[in-house]
Structures are given as C-alpha cells and as structure tokens.
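Okay, here's what each chain looks like letter by letter:
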Amino acid sequence: MIIVNEDWCKGCGMCIERCPVKALEQSDKLNRRGVYPPRLKENNNCNYCRLCELICPDFAITVIPDENLLKKTVKPKLIPVRRVRA
Amino acid sequence: MQELSAELIRKKYLRDEMWPSIFCNGCGIGNVLDYTLRAIEELNLDLDEIVFVSGIGCSSRLPGYINADGLHTTHGRAIAFATGVKAVNPDLKVIVFTGDGDCAAIGGNHFIHAIRRNVDITVIMVNNFIYGMTGGQLAPTTPIGSRSTTSPYGNIEPPFDLCELAKVIGAPYVARWTVSHPYRPIKSIKRGIEKKGFAYIELLTPCPTAYGRRNRLGDIKELWKWYDENTILIEEYERIMKYGSDEEKERASKMIKIGVFQDIEKPEYFEEYYKLIDRLKEGGK
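Each protein sequence line maps, in turn, to chains A and B. For what it's worth, the numbering used here labels the leading residue of the first sequence as 1, then goes sequentially. For what it's worth, the numbering used here labels the leading residue of the second sequence as 87, then goes sequentially.
It is possible that part of the hints are untrue.
Claimed, not checked - Listed below are the simulated SDA-like cross-link pairs for lysine to any residue, each with C-alpha atoms no more than 20 Å apart in a straight line:
no., chain 1, residue 1, chain 2, residue 2
1, B, Lys328, B, Val346
2, B, Lys97, A, Glu25
3, B, Lys307, A, Met1
4, B, Lys307, A, Glu17
5, A, Lys29, B, Asn111
6, B, Lys282, B, Val171
7, B, Lys307, A, Pro20
8, B, Lys276, B, Ile350
9, B, Lys328, B, Ala338
Hints listed in this document are in silico derivations from the structure and should not be mistaken for laboratory results. Since the model is a prediction, treat every value here as computed from it, not as a measurement.
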C-alpha cells in the first residue's frame, strides 16, 4: 500500500518513471496545485522497494509494506555503473 | 525503532507549516534534504546537537524547512559562519548547505581556507550548474557550451571543478554524486558527518526551470536521464584512461566524474587548538 500526501505533490512524475516494476500511474483527480498525483495501478507488481519514497523531493509518498509478501522481488538499479561504449 | 519512512521523517524533522516547499516542479534540492535527513536518522543523531548553516540561493532555503537550529547567513559566507559555530561549541555537528554560486564564486576563499585549516564541518554543495534563484545567470560551474541568461550564445569559460580543488588542497573527505541514484549520496553524507575534519559532498541536482529550459534538455524525465548518461564513475574513468581505446577516452573525457575522490585522515583544527591551550596552561612552551 502507498499513501500519497496529495497536497504536497507537485506532479514531477519521477516516481512513475523510475519505478522498477512500473506499478504506479497518474490518478484521474486533480489536487489543489492542479496536477495529477500518482497512485498504485489496479493490478500492480509493487514489491515495496521504496524507491519512489526515496526519490520524491517533496516527501509526499509513504510506502507501507504488506505483511505477507508473495510477489517476486525485483531490485532497482542501485549503483550508477555503466560501461562507456564507443 | 520505527522503520525509516517519509512519514517518520516528516513527523520527526520537518516544520509542517513551511511545507509544501517553494522549489520548482522537478527540482532536486528536495532530494538533497531527503538524503541528508535519512543519513541523520540512520546515524541516530539528536537534532539538538546539529546546526544547519546556509548562505544565499535556492539551496540555502533548506534550513528553514528543518525543525532544528539553523543559520541563514550572508551570500557566500556560510562556511565562515559555520567555522564560528564550531569555534564556540566544538561538540556541535555543523552541516552547511550551499549552492554552486554561493560556494564556488563569492565564497570561494572561505571554502579553500576552511579546507586548509581542516575545520570539522560537513559541506553539502548543491550543484545545478547555474544561478537558479536570480534567473539563470552564468555560474563558475556552468559547463562549456551551455547557454544561460548571460551567455545566450554558449559559455566559453572553462568551469570550476570544486571536487578536484578540494582534493588538491587536502580535504579529508571529497565525494560527488547525482541525486538520481539515491543510495550512494546517503552513504556519503553519513560518512561525511562521521568524519573528523572537513567533508565535502557535491550533489548534482537538475534545474528544469533555469538550466534545463535554456539548454533545451527537455522535460524533467529527460533531464534526469541526461544526468545518468553524462556522468561516469571515477574508477571506470581511470580504467578507461589506462586501457581504453581513443574513442572511449574521448567520450569519457566529456563526462562528469562522480564517486568518492578522497578519504584520508588528518589532524582537525579545533582539536589542535585545544591541545595548544592545554599545553600552555601546563606551563609548556
């Protein structure tokens, strides 16, 4: 489950973009600032890695892990290691 | 202990009446605050023992959002004020938030002399390549070829690499990361706060309003991707410079190096100062 503090969200959309399992989408309701805050998809693969919570610059998302987690865990890209190809 | 979450940080560290923050949509300065507070939480520090100091600029608004003692000082003098705080009470942890204009341009001399003395403070430099608050003028860290309000046809001045400068003068801890990879900056800030001596952590933050818009880097998602694609780990850079082909070397030389530049131990200024006082009290010379 995720809790979104809707009035604090500015709608940059990085949580939706960076989610490793694409579990988030824009909601269909505008908030006070006139942007669409994120929400969990109906059928999602969220495995509570907390990356969205971590990269939200406005402290608007809180992830509450499920007690009985049965989904397969996909780890997000943690380290900026990348080979330079010519 | 409660599990670390945004809700916990909000209740424990933030002044609720100041939020939501003033920063533009897509600005990375909120991330810098997030990572710093997470590092403090992981170190289990008391907020009464920490003083946040800042100068002038976008990044320097950060102490106002934290429910702790803070100083919002004159332009460029954040490090000078931080040295003063440390001189009065060496038991305090002093964290300085400063921007690239604040630290590299007007406060450049305070910066190098604080490193020379090795004062025990943690400087978190928010580098967005431009003077964001005043409307996007050329900063000393703007890369060659970038456009700004005062360089509309492209910048011709070579930029200042503060990490290399701090390393050469001998700062005990020097690191640079981007905000798009969250785990490494948290680790670095933790290490910097624990370090006895001057710790310098530079964080590359996107500025979609001033830098991104003038340089046609696209929307926020494109800008974050630009930061991922144009940075290179320092170990990887050194490997390419040693064994890589000419094409690889040319590509790598255009990228921004990130990583831990220096991690050494050095005698700290105020420790030496109190040692001197003790020595003179005992009647030594």
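Evaluated hints:
1. Between Lys328 of chain B and Val346 of chain B the alpha-carbon distance is near 19 Å, which keeps this suggested pair within the 20 Å criterion.
2. Straight-line distance between C-alpha atoms of Lys97 of chain B and Glu25 of chain A comes to about 27 Å, which puts the hinted pair past the 20 Å bound.
3. Under the criterion of a C-alpha separation no larger than 20 Å, the hint pairing Lys307 of chain B with Met1 of chain A is inconsistent with the structure, at around 25 Å.
4. For the given pair, Lys307 of chain B sits about 7 Å from Glu17 of chain A by alpha-carbon distance, which is consistent with the 20 Å threshold.
5. Between Lys29 of chain A and Asn111 of chain B the CA atoms are separated by roughly 18 Å; this keeps the pair inside 20 Å, and the hint holds.
6. Straight-line distance between C-alpha atoms of Lys282 of chain B and Val171 of chain B comes to about 16 Å, which keeps the hinted pair within the 20 Å bound.
7. Note on Lys307 of chain B and Pro20 of chain A: the hinted pairing holds, with a Cα-Cα distance of about 15 Å set against a maximum of 20 Å.
8. Between Lys276 of chain B and Ile350 of chain B the CA atoms are separated by roughly 15 Å; this keeps the pair inside 20 Å, and the hint holds.
9. Annotation: proposed proximity of Lys328 of chain B to Ala338 of chain B holds, straight-line Cα distance about 12 Å (limit 20 Å).
Of the numbered hints stated above, those contradicted by the structure are hints 2 and 3, listed in ascending order.
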